[in-house]
Amino acid sequence: MENVSGRERDVRKEFLAGALAAVVVAAAPPASAAEGIAWNGFVQSHVVARTSNVQCPAGTECDLPVAELRGQLEGEGKNAAGNAGFLGRFNLIRDIALGDTRLETRELYADARSESLAARLGRQVITWGVGDLLFINDTFPKDRVALFTGQPLQYLKLGSDALKLNAYPGPANLELLIARFRPDNLPTSRRFILTDPLPAGLPRSTTEPGAHAAELEISGRISGYLDNWELAGYASRTHYRSPALRVTAGQIVGIYPRLNTLGGSLTGPVGKGVLSLEGGYYDSPSDRDGRDPSIENSQFRGLVGFSRQLWEDTTLGLQLYGEWMRNYSAYLETLPAGFSAKDRLRQVATFRFTQLFAHQTLTFNVFAFIGLSEKDRYVIPSLRYNFSDNLWAEIGANVFAGNRSGTYGALQDNRNVYLTVRFAI
Amino acid sequence: MKPILQITVSLLAAAAVAWAAPARAADPSADEIVKHSLESYYYAGNDMRARVSMKLINVQGKVRERELTMLRLNVGKSGGQRYYMYFHAPADVKATSFLVWKYPAKEDDRWIYVPALKQVKRIAADDKRSSFVGSDFTYEDVSGRDLEDETHALLRNEDLAGRPVYVVESRPRAPAAYSRRLSWIDRERWLPLKEEYFDARNEPLRTFSADKVEQIGKQWMVTVRSMKNLQSGHHTEVVFRETEFDVGIKQDIFTERYLRDAPTQWIR
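Chains A and B supply the protein sequences, listed in that same order. Heads up, the first sequence is in my numbering, so the first residue is 1 and it goes up one at a time. Heads up, the second sequence is in my numbering, so the first residue is 1 and it goes up one at a time.
It is possible that part of the hints are untrue.
[What the hints assert, rightly or not] Covered stretches of chain A, as calculated for chain B (at least 3 residues, CB under 8 Å):
1) 147 to 156
2) 223 to 237
3) 248 to 260
4) 263 to 274
5) 362 to 372
Keep in mind the hints are simulated off the structure, nothing from the lab. Cβ atoms here follow ideal geometry from the backbone N, Cα and C, with glycine treated the same way.
The whole structure should be built from the sequences, with the hints applied where relevant.
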């Protein structure tokens, strides 16, 4: 493992992908000269106001945990033959809440493709699986802060720095991804009020997996159709993306434990709706016997979802999700004092209701996570209006409630309302 | 046509305006006319590629635009089709793509690629009479309906803007947003030149008009068309440009691979 700061690593990777994109485009023969670069962008403001009536600890942005102005610039190009191209998507963020300005590379990759093969190198967003805001076989990096603060959908996933290879033998689609580790973006005490069960005041350090061959992540997917049903199989050799923290020698040390996953999914029409099934096994190789309380126990995860139209421009989606711990007695035996025990089978239900009005310019949406085992809830109502093709605004809320030891209930001091306004250029 | 009905139709027609000629026994049946019309309007050629511009205009005259590439392939002899639509603009929907597997006698399969999440989602197919991307056209206006979805009756023959047409009345067999529709179908080219939809109270609901008809290769095509909602005042104008038929689009274009990654050969 190496301890490289995220920013340094980003710069190196960005340089590599950018250079490759330049080479691919420059290498296109002059006769089939590149068709030029298409530029797009937007400016966006996003403000989040805390509605929980609480005293914030020092160092936590209390009233407005997020207040930012963001500009996105996107450049896209391809050669005339259409077999090589690139895309770059950059965000310049003026973070008024935290008082800093930063440049984020959301995506930056180069593409090459033929009839039956395709390759993409660089930072890219990958989404696998059939769940709606529930991910099983998609172990790719996510941005929990973006979710909990009502950022638009595109910010819920982070790009992976990866080489992606696709092959299309006959009707199947094979996808292989070799990626460097990237952690999830998790809430911190700068914007969130969090209960930390670990002793306060100890120095903390977290080490990320590096770029050595043994630490690279490899994920594969095979998908295809059986009549009009879609089937997919997935396997990953990866890492947990939130750190396992333990206290050793007077300090708190975080590591990202190894994770292997294997699973499948199925989706197709049933009655007047769509049925989705997904399952997977999460193997924790660093804690096979389940006796290390800092590392997630090996688990089976599964979900079943159904969505259908209720009436014109109105859809309803329901999902039931479960996580079943493999070594539950070992988990109970080693659970440190002061931690409340999870159920062996953790169940979550979700609900989505979407209705469009006024020629689809006004969208009302409610998404709810309902913790059946943990007796907590997370409800996200939102209303978006498209003033024109270029301008939209959305108001919404993130409402956490219920049992404070549950995943969502623990966040209830962070209930918020948000306003997003975006103008596309 | 039964003699009684024929006499009734003849009498009614005789009482109608002078230029409206009655439907004659020599005319094809209403079902044959509508079948020809569906074939000419939705199935022309074996495949088709077009760049489509839509203008969605509200009652205050405010315009929203949609720019897309449409690919279509006929599959088999029984009326199956594949549609692929890629949105170029506006920014909010750019790179969104739609895939439809259309079947002659059962609900279509439909998928959408959501670029914000990089996720392919299957969408429930029960909404074929919902608005297509906020326009006044429904999904079935775009990708076609089945002959058997409605019962059809030939009302009369007449001229519409210099073209000889059949006027056909169609009524949906299952409850729908409209109770009946009248179609003015070109007697030589078989294209619908005008359609009027009526609601359950028999009030005019929507009007379709073929504003420009062009010959592209061997096919006649409505290249400019509009749909007006007479109750809301909202209307939609659609222009097909760069339309090509029989260009050799293969069936594998209409799969998840190209939903995620637009086929650059066709999407320009």
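To see whether the hints hold, each was checked on the structure:
Counting residues of the segment 147 to 156 of chain A whose C-beta sits closer than 8 Å to any C-beta of chain B gives 4, which meets the bar of three, so the coverage hint holds. Evaluation of the coverage hint for the segment 223 to 237 of chain A: fulfilled, as 4 residues show C-beta separations to chain B shorter than 8 Å, against a requirement of three. For a cut-off of 8 Å, the count of residues in the segment 248 to 260 of chain A with a CB near a CB of chain B stands at 0, and the three-residue condition is violated. Using a Cβ-Cβ cut-off of 8 Å, 6 residues of the segment 263 to 274 of chain A lie near chain B, which meets the minimum of three, so the contact claim holds.
Proximity of the segment 362 to 372 of chain A to chain B, defined as three or more residues with a beta carbon under 8 Å from a beta carbon of that chain, is not established by the 0 residues found.
Checked against the numbered hints above, the structure violates hints 3 and 5; every other hint is satisfied.
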